[in-house]
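As a plain string of letters, each chain reads:
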Amino acid sequence: DVKVTQSSRYLVKRTGEKVFLECVQDMDHENMFWYRQDPGLGLRLIYFSYDVKMKEKGDIPEGYSVSREKKERFSLILESASTNQTSMYLCASSLGHQPQHFGDGTRLSIL
Amino acid sequence: GQNIDQPTEMTATEGAIVQINCTYQTSGFNGLFWYQQHAGEAPTFLSYNVLDGLEEKGRFSSFLSRSKGYSYLLLKELQMKDSASYLCAVEDSGAGSYQLTFGKGTKLSVIP
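Taken in order, these protein sequences are the chains called D and Y. Its first residue numbered 394, the first sequence is counted upward by one per residue in the working numbering. Its first residue numbered 509, the second sequence is counted upward by one per residue in the working numbering.
FYI, nobody ran anything at the bench for these hints, they're computed from the structure. Incorrect hints may appear among the rest.
To be verified - Sample of chain Y residues at the chain D side, in silico, Cβ under 8 Å:
1. 550
2. 551
3. 599
4. 610
5. 612
6. 614
Here a beta-carbon is modelled for each residue, glycine too, at the ideal position from N, C-alpha and C.
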């Protein structure tokens, strides 16, 4: 079974902090994705990557950056956290056009 | 741009059949996915359609009409555990590789 592991289930940070969300997958998938999920807005794509050191902007990249130094790891970085970045963050991975597999999510609160 | 519409909420009775519709408008089309998401949990893959027609998988079936930009998810013999949100997602060949655009999800409540 595919395993996508996100480093934290719950995280509380303060406004202005630099926040790192980590995601690791164990199936050698080339594609990795970061989404945020908000009530009434659904899943929205922040960034994705289809190879090591490659990154592409999704629909809402502002205020975020990503890093993919190794194939199995995709990190989401909030450069200077703001309260409007309080959300559920979901990481996913896939192989080609196969279904995306999701991690359990990180519920991030910015105070 | 992309636009994916599905009903916000539905209620159905245990043992019954329910159909959740999804309409989409995208610049290209590489396939349509359905995911199930229980409250507080990650989405899990249910079905994938790339050609027109019906795909059946146990109690769940999914249908696609590419010419109409339309899909539905059919759940038979509903069980209480089917209470969840159901997400429709389209892979748009005009967007980035393997990128999915999700609808806002349909929250299904199964009542006794």
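Going through the numbered hints above, which ones does this structure break? Give me the numbers in ascending order. 6
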